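Undergrad: Could you put together the complete structure from these sequences and hints?
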Amino acid sequence: MDAKELIDRYRSGQRDFSNANLCGLNLYGADLMGIDLTQANLHGTTMIFAYLNRAKLYKANLIVTKLSGAYLSQADLRGVKLRDADLHGAVLQGADLRGADLTLVNLMDANLMDADLRGTNLSGANLTGACMRGANLREEKRVYSSSLRGAKLRKVDLRGANLAGADLSRADLSGAFLTDVNLRGANLNGAYLTDANLRGAYMSDANMNEVSLSGANLTNARLERALLMSADMTDVNMRAAILPDANLSMASLSRAKLSGARLNRANLSRANLSEADLSHADLVDAYLAKADLADANLNNANLIRAELSTANLIGAEFSGATMPDGKIND
Amino acid sequence: MEYSLVLQQVVNNLERHEQTTRIRKMLICACKGVWENDPNKLNSFPVASLLKELKRKNPTPEELKISLYKILNRINKQGEYLVVAKTIFGGMKQLYDLDRELTQPKLLESEPSSSSSPNRLYPYPKPSLPVAPSHKKRIDRVYDPFGVRMEMMTYTNPLRAKIIIFSTIYRPFNFSNQDWLNLKLHELDDLTQALINNYESLSETEQKLKEAAQCIDDPEENTQTINAILQTIKPCYQHLDETIIAEPDLDQTIVMDED
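For the protein sequence lines, the chains are A and B, in the order given. Just so we're aligned: 292 in my numbering is position 292 of the first sequence, and the numbers increase by one with no gaps anywhere. Just so we're aligned: 50 in my numbering is position 50 of the second sequence, and the numbers increase by one with no gaps anywhere.
I should point out that these hints are in silico values taken from the structure, not numbers from a laboratory. Warning: the hint list may mix true and false statements.
Stated by the list, open to error - Listed next, the in silico SDA-like pairs over lysine to any residue satisfying Cα-Cα at most 25 angstroms (straight line):
id	chain 1	residue 1	chain 2	residue 2
1	B	Lys210	A	Tyr28
2	A	Lys81	B	Lys184
3	A	Lys66	B	Asn177
4	B	Lys77	B	Tyr199
5	B	Lys93	B	Ile71
6	B	Lys41	B	Leu82
7	B	Lys52	B	Glu36
8	B	Lys184	A	Ile63
9	B	Lys77	B	Tyr155
10	B	Lys184	A	Asp114
11	A	Lys81	A	Arg54
12	B	Lys93	A	Lys59
13	B	Lys93	A	Ser274
14	B	Lys41	B	Leu98
15	B	Lys86	A	Ser214
16	B	Lys70	B	Tyr155
17	B	Lys55	B	Thr20
18	B	Lys55	B	Val6
19	B	Lys70	B	Leu42
20	A	Lys66	B	Lys184
21	A	Lys4	B	Phe175
22	A	Lys66	B	Asn73
23	B	Lys41	B	Asp97
24	B	Lys184	A	Gly124
25	B	Lys184	A	Asp195
26	B	Lys93	B	Leu185
27	A	Lys66	B	Ser176
28	B	Lys77	B	Gln178
29	B	Lys184	A	Arg149
30	A	Lys66	B	Lys55
31	A	Lys59	A	Arg83
Unchecked claim - Here chain A is said to cover these stretches of chain B; the calculated rule only asks that three of the stretch's residues, wherever they fall, bring their Cβ under 8 angstroms from a Cβ of chain A:
id	segment
32	18-30
33	230-236
Note that the structure is a prediction, hence the values are computed from the model and not measured. The C-beta atom is built at its ideal place from N, Cα and C for all residues, glycine as well.
TA: And the structure:
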């Protein structure tokens with residue numbers, strides 16, 4: 001079937017093109033709203049600016065397709081193969097992409113608001129500037145765990161998105177808008193979150209070892225039991241963040257703003273906390289063996305039973321602080 | 001950290017940058033209003049003094065952005081200098097951020113429950129420098145790149161918006177493979193900001209967008225997109241209209257970069 005025949009048949013009312021072989025066709029700007037292309041072969045097809053709203057593309061072959069600017073809102077894209085496809089600036093609002101293979105796909109500046117991305121493979125995908133507000137990437141049992149391994153998510157808008165359990169290891173999320181995002185149990189190992197806005201983010205039990213968080217805003221974020229070993233958190237803003245039982249050993253936290261943070265039972269051994277602001281922080285039972293607290297502000301902090309015996313305290317301020325033995329400093 | 005230390009860090013980064021010559025050219029242009037191609041003269045200006053002067057002339061990051069875009073709009077190698085402008089802005093941003101920290105009282109985001117005396121809630125010294133005029137604060141509050149981008153994406157096709165804005169601020173998009181690649185070098189966010197900063201009024205922007213769209217197929221779709229763009233950026237313009245500060249303008253002719 002060639003492009004003309006397809007469009008003519010669509011115009012005459014046919015909608016069912018399931019299992020059709022349409023590879024390599026040029027369907028630039030074609031109006032094919034609601035078309036049924038279930039399991040169709042569209043390998044290498046050009047569908048730039050095509051209208052595919054509410055199209056059924058279940059398990060279709062869309063490898064290396066050109067879908068820049070295509071309208072795919074509310075389309076059924078479950079299980080599609082989109083490897084290496086170009087979806088630059090495409091509209092995928094409310095689309096169902098569960099289990100889709102989006103490896104190395106280009107989704108730069110795409111609209112993915114409220115899209116269902118559970119169980120998708122986005123490894124190595126480019127999502128720079130994409131709007132993913134309200135997108136669902138939650139891990140569901142083992143079958144549906146999203147992989148964003150090494151994905152480019154710079155300046156992405158993921159406000160309020162659900163990324164619980166997702167694999168974001170080595171992903172670039174620098175400057176991303178991640179307020180109130182759910183990253184519980186997510187794998188962010190080695191991810192790049194410099195200057196990201198993670199205000200109020202929910203990151204309990206997340207694996208964030210070796211993550212780059214310098215300059216990021218984590219005000220009021222929840223990070224219970226999070227693994228942050230050897231993380232670069234220089235100049236991070238973590239005012240009033242919740243970090244009990246977090247493992248921050250060997251993390252670089254110099255000049256970090258941790259005032260009012262809850263760090264009870266946190267492991268801060270060998271962490272660099274020089275010039276950090278820990279005023280009013282809760283450090284009850286915190287483990288600070290060989291931590292560097294030079295010139296840190298610990299005024300009014302609560303350090304009951306904290307392990308400080310091997311920490312570097314040169315120049316640190318403890319005015320009004322409750323010390324490990326329960327005494328309150330003048 | 002002390003201001004002078006941060007300034008030194010920014011200076012070091014700019015001086016060691018692979019584009020350091022272009023950085024100097026742009027800094028000199030932003031401060032002195034001349035485009036300098038003579039290597040001897042370029043190196044005669046200490047970067048630290050240029051940064052201080054730039055900040056004095058542009059008291060807020062938004063004003064700096066406008067100044068840099070104005071220069072960008074008048075030089076021939078816009079792609080190359082966009083990267084340079086971003087580098088300068090990135091460095092200057094650190095100085096603005098530090099300024100804000102040092103000059104404004106900081107309340108804790110959430111008051112810790114164990115607070116004993118009220119004055120201990122303020123771990124930073126009270127401001128000794130005058131607080132920025134109120135209109136400057138309004139810019140930060142109103143301009144929200146993520147909000148603008150989301151609204152634009154809600155009401156129109158992001159790719160069509162990019163093509164029209166690209167054609168407006170650079171040159172007509174010709175749908176060649178090279179132009180598709182060029183378009184991928186610009187994020188919607190950056191193009192939108194450049195558009196906002198390029199023209200003095202919303203009506204001028206509207207006119208330029210319409211002129212550019214004439215070279216692109218599908219007039220109906222283009223009109224829909226232009227309306228959505230204008231609707232989305234309207235609040236930012238109202239803002240700029242109120243706040244633009246008159247500055248000695250460069251000659252309106254294109255400046256030729258000779259390297």
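Undergrad: Against this structure, judge whether each hint is valid.
TA: Checked hints:
no. : hint                   : result
1   : B:Lys210 with A:Tyr28  : holds, 23 angstroms
2   : A:Lys81 with B:Lys184  : holds, 23 angstroms
3   : A:Lys66 with B:Asn177  : holds, 12 angstroms
4   : B:Lys77 with B:Tyr199  : holds, 19 angstroms
5   : B:Lys93 with B:Ile71   : holds, 18 angstroms
6   : B:Lys41 with B:Leu82   : holds, 23 angstroms
7   : B:Lys52 with B:Glu36   : holds, 19 angstroms
8   : B:Lys184 with A:Ile63  : holds, 20 angstroms
9   : B:Lys77 with B:Tyr155  : violated, 33 angstroms
10  : B:Lys184 with A:Asp114 : holds, 24 angstroms
11  : A:Lys81 with A:Arg54   : holds, 18 angstroms
12  : B:Lys93 with A:Lys59   : violated, 47 angstroms
13  : B:Lys93 with A:Ser274  : holds, 23 angstroms
14  : B:Lys41 with B:Leu98   : violated, 31 angstroms
15  : B:Lys86 with A:Ser214  : holds, 19 angstroms
16  : B:Lys70 with B:Tyr155  : violated, 29 angstroms
17  : B:Lys55 with B:Thr20   : holds, 19 angstroms
18  : B:Lys55 with B:Val6    : holds, 14 angstroms
19  : B:Lys70 with B:Leu42   : holds, 20 angstroms
20  : A:Lys66 with B:Lys184  : holds, 14 angstroms
21  : A:Lys4 with B:Phe175   : holds, 22 angstroms
22  : A:Lys66 with B:Asn73   : violated, 32 angstroms
23  : B:Lys41 with B:Asp97   : violated, 31 angstroms
24  : B:Lys184 with A:Gly124 : holds, 16 angstroms
25  : B:Lys184 with A:Asp195 : holds, 23 angstroms
26  : B:Lys93 with B:Leu185  : holds, 23 angstroms
27  : A:Lys66 with B:Ser176  : holds, 14 angstroms
28  : B:Lys77 with B:Gln178  : holds, 17 angstroms
29  : B:Lys184 with A:Arg149 : holds, 22 angstroms
30  : A:Lys66 with B:Lys55   : violated, 45 angstroms
31  : A:Lys59 with A:Arg83   : holds, 13 angstroms
32  : 18-30                  : violated (count 0)
33  : 230-236                : violated (count 0)
Hints 9, 12, 14, 16, 22, 23, 30, 32, 33, counting from the list given before, are not met by this structure.
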